[in-house]
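J.: Sequence:
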Amino acid sequence: MRIVLILVSSGLLLGACDVTNTDFPVRTEAMRSEVEEMSTNVVIVKLTADNIDAFNTPRNLGGSRASLASSGWNYRVGVGDVLDISVFDHPELSQQANQGRSVEQAGQRVQADGTFFFPYVGQVPARGKTPEEIRDDLMMRLEAYVPEPQVEVRVASYKSQSVSVTGEVGNPSRQPLTDVPLTLLDAIDAAGGLTENADPRAVTIRRGGRGHVVDMLAFLEQGVGANNPVLRPGDVVSVARQEVQEAYLLGQIVKPSTIDLTRANITLTQAVTRVGGLREQSADARGIFVFRDEPMGITVYQLDASNPTAYLIGTKFVVLPQDVIYVTSAPIYRWNRLISNLLPTMTVVQRTGDLGAF
1 MRIVLILVSS GLLLGACDVT NTDFPVRTEA MRSEVEEMST NVVIVKLTAD NIDAFNTPRN
61 LGGSRASLAS SGWNYRVGVG DVLDISVFDH PELSQQANQG RSVEQAGQRV QADGTFFFPY
121 VGQVPARGKT PEEIRDDLMM RLEAYVPEPQ VEVRVASYKS QSVSVTGEVG NPSRQPLTDV
181 PLTLLDAIDA AGGLTENADP RAVTIRRGGR GHVVDMLAFL EQGVGANNPV LRPGDVVSVA
241 RQEVQEAYLL GQIVKPSTID LTRANITLTQ AVTRVGGLRE QSADARGIFV FRDEPMGITV
301 YQLDASNPTA YLIGTKFVVL PQDVIYVTSA PIYRWNRLIS NLLPTMTVVQ RTGDLGAF
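Just so you know, we're using full-length UniProt numbering here: the sequence shown kicks off at 1 and counts up by one.
It is worth saying that the hints were derived from the structure and are not from the lab. Some clues are possibly wrong.
[As the list claims (entries may be wrong)] Computed list of lysine-lysine pairs in DSSO-like fashion (alpha-carbon distance at most 30 Å, straight line):
no.: 1; residue 1: LYS46; residue 2: LYS316
no.: 2; residue 1: LYS46; residue 2: LYS255
no.: 3; residue 1: LYS316; residue 2: LYS255
no.: 4; residue 1: LYS129; residue 2: LYS159
Could you put together the complete structure from these sequences and hints?
T.: In structure tokens:
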């Protein structure tokens with residue numbers, strides 16, 4: 001972004017002595033006639049109460065829904081899990097912690113072949129089953145040795161399944177899956193939470209060879225439940241770094257600078273106000289221009305604020321990343337000269353943004 005700012009500044013400073021005193025024809029017809037003499041495709045739009053609603057659509061900062069399945073979670077035992085098994089009224093068949101041995105040490109570990117050994121019945125299949133399914137199977141097997149056996153099976157140690165959380169979190173790590181559903185927010189919190197550089201709108205969950213981008217901000221701010229999915233074994237969560245999105249304010253304003261659009265929608269009136277407003281002695285309120293690089297060419301939006309009520313129109317014009325807001329000086333002349341200096345700058349800004357995408 002530093003490179004972009006330098007390019008924007010240098011593009012305007014090429015003709016500093018002349019350009020900063022440049023005048024825009026405030027009549028739309030005069031502007032169009034001069035633009036027609038240029039080779040660059042430029043569209044002129046004067047912002048009015050009649051057309052402003054077309055530019056009042058906020059950028060999508062949240063609200064997209066995740067495309068991941070939202071079915072419930074039911075833990076299934078895997079290799080490495082340790083089972084705690086109790087047979088009521090038969091302590092000799094129950095694995096209990098005693099004399100310094102933990103439940104994990106005393107329990108039945110699921111072996112590499114997906115089974116565990118239990119007295120009398122031998123190897124019992126466990127992989128891919130729920131604790132309830134293992135209990136029912138074990139009860140059937142024990143009936144030949146224990147009258148009407150009552151069995152309880154629970155997982156004493158969860159070792160077989162996990163998810164990985166990487167990227168812009170406090171402590172990138174693996175998070176074990178248990179019988180309690182682990183949501184995306186839970187996993188990120190367990191990994192130290194988001195860093196200040198994290199982009200909550202660009203959290204990727206890689207599952208089954210596919211990446212799913214989840215907008216966490218939509219859940220945090222709007223309660224979109226689908227954007228806080230339950231994670232599955234083997235999921236890899238990656239939190240992207242926030243890319244700064246800016247617009248540029250130049251010309252006859254109090255504090256020419258950039259304005260951050262990363263986390264909020266900002267209108268034209270807000271943008272101008274946040275940098276101190278127009279310079280009273282030198283700015284021409286009729287010439288507040290927004291240069292926007294669009295697929296079909298450059299569009300130049302003009303706000304004539306000679307009547308202060310026009311700033312109400314400006315409150316409905318949403319500024320987009322890479323917009324160049326320029327305020328002309330009075331008296332007004334040589335529109336073509338200013339456009340000729342600004343348009344190559346717009347092209348360089350766009351190309352710099354494209355390079356940053358690789």
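J.: If a hint holds in the structure, say so; if it doesn't, say that too.
T.: Hint check results:
A hinted pair counts as satisfied when its Cα atoms are at most 30 Å apart, and LYS46 with LYS316 qualifies at roughly 14 Å. Restraint check for LYS46 and LYS255: satisfied, since their Cα atoms lie roughly 25 Å apart, inside the 30 Å limit. Of the supplied pair hints, the one linking LYS316 and LYS255 holds, its CA atoms being roughly 23 Å apart against a limit of 30 Å. Of the supplied pair hints, the one linking LYS129 and LYS159 holds, its CA atoms being roughly 15 Å apart against a limit of 30 Å.
Going down the numbered hints, you'll see the structure goes against none, and every one checks out.
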